[in-house]
Amino acid sequence: MNCEARKGFLTLSGCENPVASACSNCGRSMCTAHLAPQTGFSMCYDCAATNQNVQEEEYDDVWSHRYRNDYYTTTGYTPLYSSYRGSGYYDRQDANSFDDTVRDSSEDDVDRGGFGES
Amino acid sequence: MSVIQVWRSLNAEQKQILADKRIDASRPIDELLALMKPLAACDTLADKARTKFGCSFALAIVVTIVGVIFLLNVGGIVGGATALLLVAVTIALGYFYFWMKKIDISNNFRQFVLPVLSVFREDIDASKPVNLKLDLSSPTDKSKLQSESAPYAAGVYHKVIDSMYRDPWMSADAVLVDGSKLSWSVTDSIRERKKTKRNPRGKYKTKTKYSKKTNLEVTLRMRKKTYDVAAPAEAELTADEKHSTVKVERQVQSASLDPVVPRALIDLIADVYRNASLTKKEAGA
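Going down the list, the protein sequences come from chains A and B.
All residue numbers for the first sequence refer to the working numbering, where the first residue is 1 and numbers rise by one.
All residue numbers for the second sequence refer to the working numbering, where the first residue is 1 and numbers rise by one.
Calculated directly from the structure, the hints in this document are not laboratory data.
Virtual Cβ for every residue (Gly too), placed ideally from N, Cα, C.
Hints may be right or wrong, so weigh each one.
[Stated by the list, open to error] Derived DSSO-like pairs (lysine-lysine); straight-line CA-CA distance at most 30 Å:
#1 A:Lys7 - B:Lys133
#2 B:Lys225 - A:Lys7
#3 A:Lys7 - B:Lys181
#4 B:Lys207 - B:Lys102
#5 B:Lys213 - B:Lys159
#6 B:Lys133 - B:Lys102
#7 B:Lys21 - B:Lys142
#8 B:Lys247 - A:Lys7
#9 A:Lys7 - B:Lys280
#10 B:Lys21 - B:Lys48
#11 A:Lys7 - B:Lys242
#12 B:Lys128 - A:Lys7
#13 B:Lys101 - B:Lys48
#14 B:Lys37 - A:Lys7
#15 A:Lys7 - B:Lys224
#16 B:Lys207 - B:Lys101
#17 B:Lys144 - B:Lys21
#18 B:Lys159 - B:Lys194
#19 B:Lys102 - B:Lys205
[To be verified] Calculated from the model, a selection of chain B residues having no Cβ within reach of chain A, i.e. all distances over 12 Å:
#20 Lys21
#21 Arg27
#22 Phe57
#23 Val63
#24 Val68
#25 Leu72
#26 Val87
#27 Ala92
#28 Pro139
#29 Lys142
#30 Lys207
#31 Thr238
Please model the complete structure; the sequences and the hints are all you need to start from.
Right under this line is the structure:
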């Protein structure tokens with residue numbers, strides 16, 4: 001099972017890291033990279049950002065999650081969500097193109113018949 | 001931790017950045033932030049300490065002058081030693097004050113560059129380098145002077161001189177996790193106005209006022225197979241076979257040399273994304 005955190009600011013995307021533990025506040029499964037050290041790795045950054053007892057350091061991840069929450073709330077910005085995470089060269093569309101090829105060739109078999117029909 | 005301890009903990013590259021007041025780096029975002037955050041911590045402490053040292057240095061000069069005159073009149077070994085001690089303390093305070101001025105970098109670094117990169121950290125592809133060029137020297141450095149007006153009179157001021165500075169202090173480009181290529185630049189145009197008048201008591205008083213225009217330029221090259229892009233207001237949209245490119249500019253005006261707020265750039269880039277939607281194929285994936 002993968003971490004349920006949503007990464008990013010301009011666009012959101014899923015995290016591919018394996019789960020380490022669940023957030024003590026929201027219960028979502030998180031990897032170690034998305035658990036706030038200030039909470040003893042018990043709370044995810046989203047929950048830590050909304051908890052006023054959690055101290056932030058200058059421009060750390062708690063700060064950036066607070067900034068993100070505040071920005072989305074005050075500006076109404078809705079980030080696009082894509083589940084795609086990749087190395088950058090081949091993307092999901094490239095992967096899907098193989099499906100098209102398979103479908104096309106199977107359709108060819110049906111439409112054009114085979115040796116048996118001649 | 002004192003500023004000296006923090007400065008000692010910096011590596012050679014970081015110390016060189018403070019000396020040159022310049023960053024020209026090409027490395028992944030996490031490495032870039034790891035390089036920059038200790039510099040910000042050092043600059044924060046240096047800014048606070050410099051004010052204290054500056055006041056103490058000014059006070060020490062006055063105390064030393066008065067004290068030395070008094071102690072030399074008193075004479076004796078104790079008087080001479082105390083006078084020497086006062087001079088030594090003043091020299092030490094002056095040394096640290098000027099050293100802290102020397103390692104000072106522009107507040108644009110802490111109040112604009114770091115917040116912007118921290119906000120976009122997870123949007124930037126961690127495996128690809130961010131190309132970052134920063135000029136962290138004073139915006140009114142002599143090398144940035146573009147023109148200086150001849151002195152003229154205006155109202156009660158018998159001598160006014162306008163100096164114009166151009167400071168292209170930031171440019172960066174990065175590949176984002178969605179495959180888009182983002183680049184931006186920030187250029188300050190500054191007018192420094194020095195106004196001199198003679199008050200009724202016959203003293204000359206000079207005031208210096210600044211006004212600044214910050215030009216933000218953003219170019220975002222997005223994949224056509226990922227996004228359907230419409231141009232935001234006053235943006236330029238071009239396209240080739242595989243990409244849509246949006247160029248957008250904004251000017252922010254202020255009456256001081258304070259750094260432009262990070263929000264100005266973040267809004268500009270977010271506006272491009274507001275006008276983009278996932279292609280049907282991407283949205284359905």
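Structure-based check of each hint:
Between Lys7 (chain A) and Lys133 (chain B), the direct Cα distance comes to roughly 26 Å. Compliance with the 30 Å bound is thereby established for this hinted pair. Between the alpha carbons of Lys225 (chain B) and Lys7 (chain A) the distance comes to roughly 21 Å, so the proposed pair stays at or under 30 Å and holds. Simply put, Lys7 (chain A) and Lys181 (chain B) have alpha-carbon atoms about 18 Å apart, close enough for the 30 Å limit, and the pair holds. Taking the CA atoms of Lys207 (chain B) and Lys102 (chain B), the gap is near 25 Å; set against the 30 Å cutoff, the hint holds.
Among the hinted pairs, Lys213 (chain B) with Lys159 (chain B) is consistent with the structure: their alpha-carbon atoms are about 24 Å apart, no more than 30 Å. About 21 Å separates the Cα atoms of Lys133 (chain B) and Lys102 (chain B), which keeps this hinted pair within 30 Å; it holds. As the CA atoms of Lys21 (chain B) and Lys142 (chain B) are separated by approximately 15 Å, the hinted pair is consistent with the 30 Å bound. Restraint check for Lys247 (chain B) and Lys7 (chain A): satisfied, since their Cα atoms lie roughly 25 Å apart, inside the 30 Å limit.
For the given pair, Lys7 (chain A) sits about 22 Å from Lys280 (chain B) by alpha-carbon distance, which is consistent with the 30 Å threshold. For the suggested pair Lys21 (chain B) and Lys48 (chain B), the alpha carbons sit about 19 Å apart, so the restraint of at most 30 Å is met. Distance check on the hinted pair: Lys7 (chain A) and Lys242 (chain B) sit about 26 Å apart at the alpha-carbon level, within 30 Å; holds. Between the alpha carbons of Lys128 (chain B) and Lys7 (chain A) the distance comes to roughly 17 Å, so the proposed pair stays at or under 30 Å and holds.
For the given pair, Lys101 (chain B) sits about 11 Å from Lys48 (chain B) by alpha-carbon distance, which is consistent with the 30 Å threshold. Under the criterion of a C-alpha separation no larger than 30 Å, the hint pairing Lys37 (chain B) with Lys7 (chain A) is consistent with the structure, at around 21 Å. For the hint linking Lys7 (chain A) to Lys224 (chain B), the alpha-carbon distance of about 22 Å falls within 30 Å, and the restraint holds. Distance hint between Lys207 (chain B) and Lys101 (chain B) is fulfilled; the C-alpha atoms sit about 22 Å from each other, no more than 30 Å.
Annotation: proposed proximity of Lys144 (chain B) to Lys21 (chain B) holds, straight-line Cα distance about 14 Å (limit 30 Å). Pair hint Lys159 (chain B) plus Lys194 (chain B) holds up; C-alpha atoms about 8 Å apart against a cutoff of 30 Å. With a C-alpha separation of about 28 Å, the suggested pair Lys102 (chain B) and Lys205 (chain B) falls inside the 30 Å cut-off, and the hint holds. Listed as outside the interface, Lys21 (chain B) is consistent with that label: its C-beta sits roughly 20 Å from the nearest C-beta of chain A, beyond the 12 Å cut-off.
Separation of Arg27 (chain B) from chain A is adequate, the least Cβ-Cβ distance of about 17 Å exceeding the 12 Å criterion. The Cβ of Phe57 (chain B) lies farther than 12 Å from every Cβ of chain A, with a closest approach of about 28 Å, so its non-interface assignment holds. Distance check on Val63 (chain B): its Cβ is at least 36 Å (rounded) from any Cβ of chain A, clearing the 12 Å threshold; non-interface status holds. For Val68 (chain B), the shortest C-beta to C-beta distance to chain A comes to about 43 Å, beyond the 12 Å cut-off, and the non-interface label holds.
Once the 12 Å rule is applied to beta carbons, Leu72 (chain B) is consistent with being away from chain A; the minimum gap is 49 Å. For Val87 (chain B), the condition that its CB be more than 12 Å from all CB atoms of chain A holds, with the nearest at approximately 39 Å. Every CB of chain A lies more than 12 Å from the CB of Ala92 (chain B), the least distance being 30 Å, so the non-interface label holds. Residue-level check passed: Pro139 (chain B) sits 22 Å from the nearest beta carbon of chain A, beyond 12 Å.
For Lys142 (chain B), the condition that its CB be more than 12 Å from all CB atoms of chain A holds, with the nearest at approximately 32 Å. Separation of Lys207 (chain B) from chain A is adequate, the least Cβ-Cβ distance of about 34 Å exceeding the 12 Å criterion. Against the 12 Å criterion, Thr238 (chain B) stays outside the reach of chain A, whose nearest CB is about 20 Å from its own CB.
Violated hints for the displayed structure: none, as all numbered hints are satisfied.
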